[in-house]
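Two chains, two frames, a set of hints: combine them into the complex.
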Amino acid sequence: EAGVAQSPRYKIIEKRQSVAFWCNPISGHATLYWYQQILGQGPKLLIQFQNNGVVDDSQLPKDRFSAERLKGVDSTLKIQPAKLEDSAVYLCASSLDRSPLHFGNGTRLTVT
Amino acid sequence: AQKITQTQPGMFVQEKEAVTLDCTYDTSDPSYGLFWYKQPSSGEMIFLIYQGSYDQQNATEGRYSLNFQKARKSANLVISASQLGDSAMYFCAMSPYSSASKIIFGSGTRLSIRP
Numbered sequence: 001e002a003g004v005a006q007s008p009r010y011k012i013i014e015k016r017q018s019v020a021f022w023c024n025p026i027s028g029h030a031t032l033y034w035y036q037q038i039l040g041q042g043p044k045l046l047i048q049f050q051n052n053g054v055v056d057d058s059q060l061p062k063d064r065f066s067a068e069r070l071k072g073v074d075s076t077l078k079i080q081p082a083k084l085e086d087s088a089v090y091l092c093a094s095s096l097d098r099s100p101l102h103f104g105n106g107t108r109l110t111v112t
Numbered sequence: 001a002q003k004i005t006q007t008q009p010g011m012f013v014q015e016k017e018a019v020t021l022d023c024t025y026d027t028s029d030p031s032y033g034l035f036w037y038k039q040p041s042s043g044e045m046i047f048l049i050y051q052g053s054y055d056q057q058n059a060t061e062g063r064y065s066l067n068f069q070k071a072r073k074s075a076n077l078v079i080s081a082s083q084l085g086d087s088a089m090y091f092c093a094m095s096p097y098s099s100a101s102k103i104i105f106g107s108g109t110r111l112s113i114r115p
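Which chain is which? The protein sequence lines are L and U, in order. Quick note on the numbering used here: the first sequence kicks off at 1 and runs consecutively. Quick note on the numbering used here: the second sequence kicks off at 1 and runs consecutively.
These are calculated hints, taken from the structure and not from any lab test. The structure displayed is predicted, hence computed values, not measured ones. Fair warning: there could be bad hints in the mix.
[Claimed, not checked] Here are the simulated BS3-like pairs of lysine-lysine, each with C-alpha atoms no more than 30 Å apart in a straight line:
| id | chain 1 | residue 1 | chain 2 | residue 2 |
| --- | --- | --- | --- | --- |
| 1 | U | K102 | L | K78 |
| 2 | U | K102 | L | K83 |
| 3 | U | K102 | L | K62 |
| 4 | U | K3 | L | K44 |
| 5 | L | K62 | L | K78 |
| 6 | U | K70 | U | K3 |
Chain U on its own, in the form it takes in the complex (with noise of 0.2 Å):
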């Protein structure tokens, strides 16, 4: 059975600093894809970032980027220079790609940046 975890309900961090967003995933397919998603007040979901697991390298975009650890099955957000309209949800979620794409997601992570 493939399962998303997020072990932070919640986190506080002040403007500027780097944040790092935990997420863990179980799955017995050899190839998947790792997503992150932001979910502000206004409750629309957005894309912020993919990972295959045959990509070789961290995937990046902006200021975000993903610490993927295939042998630990960790994939980290890491925020880097948070801002304030960083406040949000964020959703880890995962696709093995023998289901269809069928995609998963974990229970979230709510982040408050502090000015």
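The shape of chain L in the complex, shown without the other chains (with noise of 0.2 Å):
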């Protein structure tokens, strides 16, 4: 089967610039994860979607990340204004109910 998709693979930014990040899940996993990892630090959930609704955001910096899947499939994360402590790993990842998480490769963010 093929594996969760992210892209891009890196991204460089300028701070106050804006970027988004695109997530397709493995087929058929309804829940669909995005976590933040900063260097040296394990994965911090950011915002967990079950089908095109959101579960958990409680974490999510609103004023200025943004998340949505529609259709329930494909997923975007935003980023307007970026600040330099966003520099990270951007991991996404897909589950079957209460199944362990597929992550895809991530995107890594620098911001300048």
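Right under this line is the structure:
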């Protein structure tokens, strides 16, 4: 089966610019997650979708971050405007109910 | 509140030796799942092993086994006969079943295998 697809692989932007990341989960996986992984730390959940509904976005900085999952398949995570502390790897994952997460390769964001 | 603690920031092990990576957790949920992931320097997160809180036996997957001690709230990963390719970051994670499968991660342990 095809894995979780993410793009772009790398992105460099200046602070106050905007950026968007795209994720296509494994076919049939209803649950989709976006995690932020700062260098040297474990992944931190930003938002979790069940189909096209938000299950948990308690740690999403909503003043600058937004995410959507139209039609319950692909998802986009946007940052506007970006700050230096947003430099991290953004991981997308998908799963069936209560099954292990399958991760994409991530997008490495550098904000200068 | 749920919490995962990995107290070993880094470990060095000789090739072919066994290694234990520690993980303790805290949750008030009676049902939960415990996971271990490997993250090589390339960055991808690779699922290794899963243990359910009501599973009677410790999980095993090839050279990986999970030493689950429910009363102590620990879920240590044991890697037998370590290989150079095992050098990576290892993350322990937990999913309380009451939280719609929300999965939280520990801070990780960097394992380095010496030839």
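With a cut-off of 30 Å on the C-alpha distance, tell me whether K3(U) and K44(L) pass. holds (12 Å)
Between K102(U) and K78(L), does the CA-CA distance stay at or below 30 Å? Roughly 21 Å separates the two Cα atoms, so the pair holds.
Within 30 Å, alpha carbon to alpha carbon, are K102(U) and K62(L)? Since the Cα atoms of K102(U) and K62(L) sit roughly 19 Å apart, the hinted pair holds (cutoff 30 Å).
Quick one, are K102(U) and K83(L) close enough, alpha carbons at most 30 Å? Roughly 27 Å separates the two Cα atoms, so the pair holds.
Hey, K70(U) versus K3(U), does the alpha-carbon distance stay inside 30 Å? holds (15 Å)
When you check the alpha-carbon spacing of K62(L) and K78(L), does it fall within 30 Å? Holds, at about 10 Å.
Every hint from the earlier list agrees with this structure, and none is contradicted.
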